[in-house]
Amino acid sequence: MQTQIPVIVTFISGILIMALFFIPREPFTQIEQLTSRWYIIISGFALLLGIDSLILYHWRKIKRRDKDAVYSLILIISFFIALFWGIWAWYAYGGPFISNSSYLWLFQNIYLPLDATMFSILGFFIASASYRAFRARNLESSLLLISAAIVMMGRVPFGGSIFIPFFFVFMIVAGSYFLYIATKYTGFNAIFRYFLAILFLSLGIGVFFYSELLSQFIPSLSNWIMQYPNTAGQRAIILGLTLGSIAFSLRIIFGIERGYIR
Amino acid sequence: MILDVIGIWIAAFLTLAILSFVFGDNPIYKFAEHIFVGISAGFGVILALNQAIWPSIQMGLDPSQHVFIRTMTVVAILLGILTLIRLEIFTYIVPSLVWLSRIPIAFVVGIGSGISIVASIQGFIFPQTLATFLPVLSPEYMIDLSSPLNFLTSLLFTIGPLVILLGVISTLVYFYFSTEQRGVLLGIAKLGIIIMMITFGASFGYTIMARFSLLISRFYFLLSDWLNIIR
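Read top to bottom, the protein sequences are chains A and B.
If you're matching positions, the first sequence starts at 6 in the numbering used here and goes up one per residue.
If you're matching positions, the second sequence starts at 408 in the numbering used here and goes up one per residue.
The hints are simulated quantities; they were obtained by calculation from the structure and are not laboratory data.
Take these hints with a grain of salt, some might be off.
Unchecked claim - Quick list of in silico lysine-lysine cross-link-like pairs, BS3-like style, CA-CA up to 25 Å: (1) A:K189 <-> B:K437; (2) B:K597 <-> A:K68; (3) A:K66 <-> B:K437; (4) B:K437 <-> A:K72.
What the hints assert, rightly or not - Label pairs and their computed distance ranges (CB to CB): (5) B:E547 <-> A:Y215: 39 to 45 Å; (6) B:K597 <-> A:E31: 51 to 57 Å; (7) B:F420 <-> A:F129: 18 to 24 Å; (8) A:R69 <-> B:L454: 27 to 33 Å.
Positions of the beta carbon are idealized from the N, C-alpha and C atoms, including for glycine.
Work out the full structure: start from the sequences and follow the hints.
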């Protein structure tokens, strides 16, 4: 019973919300609104479970007097300051987020700088990761390098001009590399590598003659990559993910997946 | 006014504290990091209460609503309270009743799954598929022969929809594992890899630019708002 009732509730609520979508008539519309309201209210209480877990985890660290217990204390104090300040601002100003509320001071001067700086330092780690990821070892990683470089250069002022020396050196090096390895292959593999060598060397030499045009072309190429190949790849990956999430949702509704009732 | 000045000094201290992570994990960074987690959690609770939960309860219990709606809202609140039986304190007081908290959670999971199926199909799969199957040569652009640059740019943008069509199909083929990828299928899958590499590179480059923009904005804050060196 302890397992069956939740599975039945999941099945009924899942099927009900899907059925309501297909019948946009009264009283089904009202039932849909009511169900959505239930969903918001109950998930709001479920949020407290997450907070309970976070606070208890750090409370235990304080009780055990762990090495970093003082930071856990800071976390708990910060949490309650944000919580009670919000409740007080709600009571005093009629809402914590209205224009003259003092709660916005907390948002503006503590939350926002912490959030923005926390994400900005990821720039350093991404730069370090890009050094490892962008080494042109084969065709695939070369494509990764080229598209990332074009997108970055195309989105900064003078990016096109900065790009030209890099482009020249890369094309000459890549062309020479493919010319060298082509001699080690036969048949189609050799022809393909000769083709790449000629292409890269031609592009590298062509830079001298069309450097002005190329510097103007880079921003357009950056936009094109973002608009077309990038859209195609993202779309296909997200389509796959969406189909996967539909299959997973069906498994939950039909009680095959029961992890949430543990 | 004085509160603004204090706010800027606190913001500057916290910014520098987080940036100190560049020199490795240190106590100042940990201090700022734990403040961030605590403030975010408290802020999240207030945001959820103010923007979603309280308006829903208020609307449901409004005297102008039908008595059935009001009763159902009370039931939802009771079910929400039932969720709280899972709180650690109740696992000691009434351990035999803890399983009851699974019922409202099962309801939320069921509704979430149902909404996810409908929203994914209606909001994503159909619109994205429709946006893929378009005329392969874009009617918005014409081939411009006025200069080599214009020709190349206009050519790329004209064949854009074709790139999207081939890119989506080939990338999906790459993820098709129900049969061994050989011959034509392997060729298409290889095109899929090329498209994915360009996508990952572009996303990577775009993310780096976004992160560095944020970093520049933090330095601008320190040099402008805090130190008044630049205006």
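Here is how each hint holds up against the structure:
Of the supplied pair hints, the one linking A:K189 and B:K437 is violated, its CA atoms being roughly 54 Å apart against a limit of 25 Å. For the hint pairing B:K597 with A:K68, the CA-to-CA distance comes to about 57 Å; that exceeds 25 Å, so the pair is violated. With a CA separation close to 15 Å, the supplied pair A:K66 and B:K437 stays within the 25 Å bound. A hinted pair counts as satisfied when its Cα atoms are at most 25 Å apart, and B:K437 with A:K72 qualifies at roughly 13 Å.
Checked against the hint of 39 to 45 Å, the pair B:E547 and A:Y215 fails, with Cβ atoms roughly 26 Å apart. For B:K597 paired with A:E31, a C-beta distance near 55 Å keeps the hint of 51 to 57 Å intact. Judged by the Cβ atoms, the range 18 to 24 Å given for B:F420 and A:F129 holds: they are separated by roughly 20 Å. A C-beta distance of roughly 32 Å is found between A:R69 and B:L454, which places it inside the suggested range of 27 to 33 Å.
In terms of the numbered hints stated before, the structure departs from hints 1, 2 and 5, listed from lowest to highest.
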